[in-house]
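Let's have the full structure, built from the sequences with the hints guiding it.
Going line by line, the protein sequences match chains A and B. Per my numbering, the first sequence runs over residues 1 to 239. Per my numbering, the second sequence runs over residues 1001 to 1328.
Any given hint could be a false lead.
[Claimed, not checked] Anything over 12 Å on all C-beta distances counts as not near chain B; from chain A, calculated:
| id | residue |
| --- | --- |
| 1 | Ala25 |
| 2 | Met27 |
| 3 | Pro46 |
| 4 | Thr86 |
| 5 | Leu113 |
| 6 | Ala114 |
| 7 | Leu149 |
| 8 | Val188 |
| 9 | Val189 |
| 10 | Leu209 |
| 11 | Val218 |
| 12 | Leu233 |
[Said to hold, decoys possible] Examples of chain A residues lying across from chain B (beta carbon under 10 Å, computed):
| id | residue |
| --- | --- |
| 13 | Ile95 |
| 14 | Asp172 |
| 15 | Thr202 |
[Stated by the list, open to error] Distance ranges between label pairs, derived from CB positions:
| id | chain 1 | residue 1 | chain 2 | residue 2 | range |
| --- | --- | --- | --- | --- | --- |
| 16 | A | Ile199 | B | Val1031 | 55 to 63 Å |
| 17 | A | Ala134 | B | Asp1143 | 58 to 66 Å |
| 18 | B | Gly1133 | A | Leu11 | 22 to 30 Å |
| 19 | B | Asp1123 | A | Ala25 | 34 to 42 Å |
| 20 | A | Ala128 | B | Asp1139 | 50 to 58 Å |
| 21 | A | Met227 | B | Gly1177 | 29 to 37 Å |
| 22 | B | Glu1029 | A | Val24 | 18 to 26 Å |
| 23 | A | Gly197 | B | Glu1029 | 54 to 62 Å |
| 24 | A | Val189 | B | Asp1143 | 43 to 51 Å |
| 25 | A | Leu185 | B | Thr1082 | 35 to 43 Å |
| 26 | B | Glu1319 | A | Ser22 | 50 to 58 Å |
| 27 | A | Met227 | B | Gly1197 | 35 to 43 Å |
| 28 | B | Asp1123 | A | Pro226 | 56 to 64 Å |
No wet-lab data here; the hints were simulated from the structure. In this text, a Cβ means the ideal position worked out from N, Cα and C, and glycines have one as well.
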Amino acid sequence: MSATRVRAIVLKELREYRRNGSIVATMAILPLIFLIEPLIQIFSLPAASAGTLLHKAPLLYMLGIPTLLPAALAAYSVVSERQQGTLEPVLTTPIRREEFLLGKALAVLAPGLALSYLVFGAAIASIALFAQSAVASAVLRAPELVAQLVFTPLLAGLSIWVGVAISARSNDTRVAQQLSVLGSLPAVVVTALIAFGVIRPTLGLALGLGAGLLFVDVQGWRFVSPMFDRERLITGTKS
Amino acid sequence: MNPDPSSAPGGKTNTAALAVEHLSKSFGERVAFRDVSFEVGYGEVFGFLGPNGAGKTTTVRTLGTLIGPTSGSATVAGVPLTPENGVEIRRRIAIMPELPGLYLRLTVTENLECFAGLYESPDPRERIDAALGAVNLADRAGDPCGALSKGLRQRVALARALLGDPQVLFLDEPTSGLDPVAARDVHELIDELRQRGVTIFLTTHRLEEAERLCDRVAILNTTLRMIGRPDDLRDQLFAKTITARTLKPLPDPDGVFGGVAGVDGWHADGSGGYAIAVSDSTVAAPAITRALVDAGADVLSIGESRHSLEDVYLELIDEDAELQTGPG
Ligand SMILES: Nc1ncnc2c1ncn2[C@@H]1O[C@H](COP(=O)(O)OP(=O)(O)OP(=O)(O)O)[C@@H](O)[C@H]1O
Ligand SMILES: [Mg+2]
Chain A
1 MSATRVRAIV
11 LKELREYRRN
21 GSIVATMAIL
31 PLIFLIEPLI
41 QIFSLPAASA
51 GTLLHKAPLL
61 YMLGIPTLLP
71 AALAAYSVVS
81 ERQQGTLEPV
91 LTTPIRREEF
101 LLGKALAVLA
111 PGLALSYLVF
121 GAAIASIALF
131 AQSAVASAVL
141 RAPELVAQLV
151 FTPLLAGLSI
161 WVGVAISARS
171 NDTRVAQQLS
181 VLGSLPAVVV
191 TALIAFGVIR
201 PTLGLALGLG
211 AGLLFVDVQG
221 WRFVSPMFDR
231 ERLITGTKS
Chain B
1001 MNPDPSSAPG
1011 GKTNTAALAV
1021 EHLSKSFGER
1031 VAFRDVSFEV
1041 GYGEVFGFLG
1051 PNGAGKTTTV
1061 RTLGTLIGPT
1071 SGSATVAGVP
1081 LTPENGVEIR
1091 RRIAIMPELP
1101 GLYLRLTVTE
1111 NLECFAGLYE
1121 SPDPRERIDA
1131 ALGAVNLADR
1141 AGDPCGALSK
1151 GLRQRVALAR
1161 ALLGDPQVLF
1171 LDEPTSGLDP
1181 VAARDVHELI
1191 DELRQRGVTI
1201 FLTTHRLEEA
1211 ERLCDRVAIL
1221 NTTLRMIGRP
1231 DDLRDQLFAK
1241 TITARTLKPL
1251 PDPDGVFGGV
1261 AGVDGWHADG
1271 SGGYAIAVSD
1281 STVAAPAITR
1291 ALVDAGADVL
1301 SIGESRHSLE
1311 DVYLELIDED
1321 AELQTGPG
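Structure below.
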């Protein structure tokens, strides 16, 4: 692994994001969608109903940001370079596929985490400032906030590997992006089940899910890098 | 700065920059190139010619470790071409692909910065400046690549290939789409790289370019048709010809040329001259001149007509086309 090469890919990616209107729009709109829904729910709640929130953990819904945003960006990562014809020159350099994939993944993780935490912070601040105080204290509970902080990178990691894997095997950017949404569906479903109170968020559940996700995040590139077939990516046929 | 070419892993001392043996590549049923063998020495400029679809780009991609050969073997910059050696080979070579493949949203400098990083260049700033200078693009360094013309993008791709200080440089049609001045600049750059000892593998459709720049050329048409110095290919394929031009047509050309030693035959060239096939022009040319004067002809000009590399190429490829359509 060469840190210089990984850094070169990350820097290049971040520069490209900034100048890509559709990516900037995705980064702006997705978080807003996931911010507005829980806030409306919370702000419209009268103080007397604060008790109903106890087991629903409404803020968990916001984990949709670190799930869906990185998936969308990661799905774009390999296939877009292939479609623009920029993959071939990169692969003529001494780069290893693991370095390329890690660079791509980190370039998604950085803005994904930054935006997730930013939006989450904004939500907490506005709840603390503007919601009924009974509601606010029901929503803003330490274990949930900690869970939120911890699960944000764990979920983002999973989404990124699924997205990169799909991207490495797709021939079309749009198809890749649609598939990546499906890929992050399990995470969305678990989050939603908790948010709607179907599953109770216990410490045991959190630890189990967290350990599973951590394993996948750390080992992810082992699964993903074999999917990156130079020959297929350049010629469209399998080696 | 080039690593010692003899220090290849495997301990063997390799004198050839490229050694290719019976290399073939097929995409399913479609054969891209078959049973190709050749060697290129260090510091050589090697031309790789052939019609569209001949397998040139596929050969470059195969030697550049982007795709694997179907069969055969090769050594690239002293390193055996195997899947495990991909990184080691790519460290020693650079490829300017057929299409520039630039990040269009990034500026010229940003594109080059990315690749200087990928080559782990120790002094990226200086390298980038040198590469930009070499292709005369210093004044466009801050422009987004998307705003550059086709030829300018081509030059950025060339600059990018120079960043890694390669021992072997593959150029896949580097001058296609360039204006005459820019093409000449690229030719000068190739000459300069040759002087620095860089081995250059050049595919091109510009035959006069290959003729001028290349020490040796190979003509590929799925299989390797011919390989050698442009002069030798000419001599192998064509008899030497002397063209004589006279003020008035000769009354008896057979009588004039038939008696001259070293003349193998002649024909009127259709524009008032005579094309005389000879085995050795240094003997035949003076003898023909004397014969013409003796016959009382008013000689306007006499000289050896040289077949160009283009003649060689067209002759070979036409032969292939005839073989394919079959006689009759
Ligand atoms: N990815 C691919 N899948 C299937 N066939 C391919 C592929 N790439 C090349 N070929 C075939 O292999 C043959 C050689 O192609 P190649 O691109 O190497 O030719 P070339 O000599 O570079 O031609 P040109 O002068 O047009 O650039 C062609 O018949 C081509 O159709
Ligand atoms: Mg080609």
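Violations among the numbered hints, reported as their numbers in ascending order: Hints 4, 12, 14, 15, 22, 28 contradicted; others consistent.
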